[in-house]
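Participant: Which chain is which? The protein sequence lines are A and B, in order.
If you read the first sequence in the working numbering, its first letter stands for residue 1, the second for the next number, and so on.
If you read the second sequence in the working numbering, its first letter stands for residue 1001, the second for the next number, and so on.
No wet-lab data here; the hints were simulated from the structure.
Every residue gets a Cβ at the ideal spot worked out from N, C-alpha and C, and that includes glycine.
There could be a bad hint or two in this list.
As a list, the in silico DSS-like pairs of lysine-lysine whose alpha-carbon atoms are at most 27 Å apart [said to hold, decoys possible]: (1) A:Lys378 - B:Lys1046; (2) B:Lys1046 - A:Lys65; (3) B:Lys1247 - A:Lys432; (4) A:Lys247 - B:Lys1247; (5) A:Lys432 - B:Lys1501.
Simulated coverage check for chain A against chain B, where a stretch passes if three residues somewhere in it have a Cβ under 8 Å from a Cβ of chain B [said to hold, decoys possible]: (6) 115-123; (7) 143-156; (8) 488-502.
Pair by pair, the computed Cβ-Cβ distance ranges are [what the hints assert, rightly or not]: (9) B:Gln1222 - A:Gln412: 23 to 33 Å; (10) B:Gln1222 - A:Arg114: 47 to 57 Å; (11) B:Gln1222 - A:Ala93: 50 to 60 Å; (12) A:Gln412 - B:Lys1432: 51 to 61 Å; (13) B:Asp1321 - A:Pro512: 24 to 34 Å; (14) B:Glu1518 - A:Asn507: 12 to 22 Å; (15) B:Asp1002 - A:Ala521: 47 to 57 Å; (16) B:Pro1228 - A:Pro253: 24 to 34 Å; (17) A:Asn507 - B:Gln1222: 20 to 30 Å; (18) B:Lys1432 - A:Gln201: 25 to 35 Å.
There are 2 protein chains.
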Amino acid sequence: MDGSFLIGSKSETANDTFRAMNPATDKALDTDFAISTTDHVAEACKLADAAFDSFRELDPEERAKFLEAVAEEIEATEGLVERAMAESGLPEARLTGERGRTCGQLRLFAKLLRQGRWENVVVDNAMPDRQPLPRADLRQRRIAVGPVAVFGASNFPLAFSVAGGDTASAFAAGCPVVCKGHPAHPGTSVLVGKAIQKAVQKCGLHEGVFSLIQGPANELGQALVEDPRIKAVGFTGSRGGGLALMKLAQSRPEPIPVYAEMSAVNPVLLFPEALKARGEALGKAYVGSLTMGSGQFCTNPGVVLAVDGPDLDAFAQTAADALAEAQPQVMLTSAIHANYDKGVEMLSSQSDVDTLARGAEGSGCNRGRAALFAASGKTFLANPKLAEEVFGAASIIVKCADMAELRQVLDQMEGQLTITFQMDDGDAEAAKAVLPIAERKAGRILANGWPTGVEVSYAMVHGGPFPATSDPRSTSVGTAAIERYLRPVCYQDLPESILPKAVKRGNPLGLPRIVDGEVEA
Amino acid sequence: MDGSFLIGSKSETANDTFRAMNPATDKALDTDFAISTTDHVAEACKLADAAFDSFRELDPEERAKFLEAVAEEIEATEGLVERAMAESGLPEARLTGERGRTCGQLRLFAKLLRQGRWENVVVDNAMPDRQPLPRADLRQRRIAVGPVAVFGASNFPLAFSVAGGDTASAFAAGCPVVCKGHPAHPGTSVLVGKAIQKAVQKCGLHEGVFSLIQGPANELGQALVEDPRIKAVGFTGSRGGGLALMKLAQSRPEPIPVYAEMSAVNPVLLFPEALKARGEALGKAYVGSLTMGSGQFCTNPGVVLAVDGPDLDAFAQTAADALAEAQPQVMLTSAIHANYDKGVEMLSSQSDVDTLARGAEGSGCNRGRAALFAASGKTFLANPKLAEEVFGAASIIVKCADMAELRQVLDQMEGQLTITFQMDDGDAEAAKAVLPIAERKAGRILANGWPTGVEVSYAMVHGGPFPATSDPRSTSVGTAAIERYLRPVCYQDLPESILPKAVKRGNPLGLPRIVDGEVEA
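Excised from the complex, chain A in its bound form (with noise of 0.2 Å):
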């Protein structure tokens, strides 16, 4: 395990070291892992500025094939999935997994790039006869907005974090990216590292196209989010953490976007016909999706929300008997594991809710026990700390009163990732008079599902309102979180000779283009 971190094409090493921890045993792996300072965060984001105009200029098949390298290093990776189940506590299965969607991910950046629509060329014709004033020659496309400060996320040690979702989508934007490794695993983030270093020279890039930085303190990603080169920030992590990074973008003398996807308890709406045919089948598939992976996902159900009467009844027995049988399982850090106790015990202890069931006890560190409370639908109205994300297997039903107490309880929450209705066909009406509620709310809304497993794909959207993430026009998983990245700049009567190629009138890159205002055929 080679402890470096990576500025450019050099490995760093450094007299100051820090190591990883084992969740499942507390204690330190092997290999010393250099500490980055703010020196070598300037130097990384000097070398990404000179990367810039170079990196965002490659035809889009080079920045494809970049991708695809990418890709192609980080499965030729040896011991990748080993080092990171002993960093992060997940089983084997979930981070084989894990590496196939980051790949995939990457692999999907790549055809959009050849598609050409990211590009989103507009061109609208000189019209030099046009009374009372001729119009010019204008062509808009998008371009990389420059170097992006990425910061690997604890708990998808692969797909968000060193090459994951918001790298694969600067890279494809033809943004450099320098990446601030999560502390939690730093053995992952240099194995994937020198990955994407590989793909660099391979392909015969400049080297500042990306850099790692290591190291625990905070003050290093302060430093990066605070230099004048970064101009864009990809965040997945806690509000905390978040709201600070915002407040650090917006406070530099230019301010600048930060994509921060923070928090949610993803609301599951039981509507009474899906309650009433179905209600023991969603109580166990809700245990399931709310247990999975110790229940740290971004999207995780940590609220439903249903008329109460015998229906929801059923459904909350039948959850709390599949609950009380769920193992623990090893937490991603003892600090998550420490504030998940903490939040349940918050829970807990709060008047007028009822603790339903308790996972089983395990042996063994940062062990997530699974909680189930209830509440009533006043209750819950009266007392905002019910409906906070508490990251890990708990979650909360709501008793309402009748569907109107429902629809306020929803109103009253705040943006979420994700919002779930469990519905028959009979439900329709009531799940209607919901949506335009639940669109303001949440990114995504699915029905008869379970909002945990987010597909890589063009029509995904994993984002949302305040506090979900931080900017809702936005997604941080598929093809669109590429549009984070880019600006529009128009060209007006540029004579050919100067053009950048996406614009050229004869349009050699065959790129799709909107002419005049209609679709170019």
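Starting from the known structure of chain A, fit chain B onto it as the hints suggest.
Facilitator: Relative to the frame of chain A, chain B by itself:
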């Protein structure tokens, strides 16, 4: 003249009133305009929120008809141009043209709505048999963000005020608008506001779709931006004003985006061959662009960059001669005129800055005398004050030692709305070397024209990196302005019975779609 302000369908009066000043005479115009209170702001926002769900779900055709109705009502408003002349000091031809632009803008957004691309429907069909996991049916569209606060601009009493670009694009997106009229032209504002009110009524829309708040105090705008029902802000004005709104919006419990178009000096680069071949013509055209409308355009050319030498001297001499003959024109308000004089004084008092010429002295109030300065590249690099916008017909010629220094000067400048190249064939190599810097700095790059005069079209970008705007991913002119007020929502496995029309499986609205990653035939 009616002195009321407009809350939904009501015309409100008040005991507290204010009057507009005629800048050409410094005399108050007739009509007492009722001053709104913060209670009125809250009432307008409440109505806007109540109107939101129905307005955003109108068929695009219905919203298009509403935009066209607004245009028709504006055209049918008697005395509009006359009142705008009295309140702004702008001449009749300009305001007649601006009215045409305002109505053309509304009609272009109507056309855009009918084309349907704005809704960005993306469908990933279900793949029930996919291994290892099936794929759900995923449908993305963009929906309106919510009620929008629009601030009227001083320098475009029609095209960037009550029914201007911000309002037109917000309406097009499906956002109700609460507009704060600019206090310099309350009569113009209420005339246009009544036209919108009539269109709302004729189209049978919810009255909350539009309200107009009036008054001279900043606290009204502050209350508007802080209202929790407002979800985005459109603003064109000063850097100070824009920064204040950004800060307010970020300090809300739920931060919201501010689209502020703030300040720019719009550098014009004279390349050597062009300067040699047509320096005199350029000098005259430059002064024409600079002094048009007393220089009160966001895209006014405030800085000229060129390599020092006899060709630049000839250009400067021609420009100085032309400027000395420029007749002073009435500026928009006495405050703007006073600020202009202060800015000119500031520039002329800087060390190593030459005053090349001042425009003719004129009689009458608030006449802005044009001003032309020159400084070396070294002086300009050392003194950031020389790069500050002086709103009005003031400009500085920066004499660079060579092309390398010219690039350095440009690279050091802040974000701009436009950068202009004056170039001939022989300048192509030099222009190519500057283009990447220009792309990083500006939203629009133009050749052999002048930055004033912004086409309202599909390809236009009237935006740019901070501080030209608060958000370089956006434009405030052209059809892409609609994107500021939209956010994506994904629908997963929703039954046809509750899917919104735009994403129903049969595509009843006939919208253009991306299906499984490809443009649908």
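Participant: For every hint, state whether the structure bears it out.
Facilitator: Against the structure, the hints:
1. Proximity of lysine 378 of chain A to lysine 1046 of chain B is assessed by CA-CA distance (about 24 Å); at most 27 Å being required, the pair is judged to hold.
2. Of the pairs offered as hints, the one joining lysine 1046 of chain B and lysine 65 of chain A is violated, with about 52 Å between alpha carbons and a cut-off of 27 Å exceeded.
3. Distance check on the hinted pair: lysine 1247 of chain B and lysine 432 of chain A sit about 37 Å apart at the alpha-carbon level, beyond 27 Å; violated.
4. For the given pair, lysine 247 of chain A sits about 10 Å from lysine 1247 of chain B by alpha-carbon distance, which is consistent with the 27 Å threshold.
5. As the CA atoms of lysine 432 of chain A and lysine 1501 of chain B are separated by approximately 12 Å, the hinted pair is consistent with the 27 Å bound.
6. With a cut-off of 8 Å between beta carbons, the region 115-123 of chain A has 4 residues touching chain B; three or more are needed, and the interface restraint holds.
7. Under the rule that three or more residues need a Cβ within less than 8 Å of chain B, the assignment of the region 143-156 of chain A holds, with 3 such residues.
8. For a cut-off of 8 Å, the count of residues in the region 488-502 of chain A with a CB near a CB of chain B stands at 11, and the three-residue condition holds.
9. In this structure the hint that glutamine 1222 of chain B and glutamine 412 of chain A lie 23 to 33 Å apart at CB holds, the actual value being about 25 Å.
10. Between glutamine 1222 of chain B and arginine 114 of chain A the beta carbons are some 48 Å apart, a value that agrees with the proposed interval 47 to 57 Å.
11. In this structure, glutamine 1222 of chain B and alanine 93 of chain A meet the distance hint of 50 to 60 Å, their C-beta atoms being roughly 54 Å apart.
12. In this structure, glutamine 412 of chain A and lysine 1432 of chain B meet the distance hint of 51 to 61 Å, their C-beta atoms being roughly 57 Å apart.
13. Evaluation of the 24 to 34 Å hint for aspartate 1321 of chain B and proline 512 of chain A yields a failure: the beta carbon distance comes to about 50 Å.
14. With their beta carbons about 19 Å apart, glutamate 1518 of chain B and asparagine 507 of chain A fall inside the hinted range of 12 to 22 Å.
15. Judged by the Cβ atoms, the range 47 to 57 Å given for aspartate 1002 of chain B and alanine 521 of chain A holds: they are separated by roughly 51 Å.
16. Between proline 1228 of chain B and proline 253 of chain A the Cβ separation comes to about 30 Å, which falls inside the hinted range of 24 to 34 Å.
17. Look at asparagine 507 of chain A against glutamine 1222 of chain B: about 48 Å separates their beta carbons, and that is not inside 20 to 30 Å.
18. Checked against the hint of 25 to 35 Å, the C-beta distance between lysine 1432 of chain B and glutamine 201 of chain A comes to roughly 28 Å, which is consistent with it.
Hints 2, 3, 13 and 17 from the list above are not met by this structure, while the remaining hints are.
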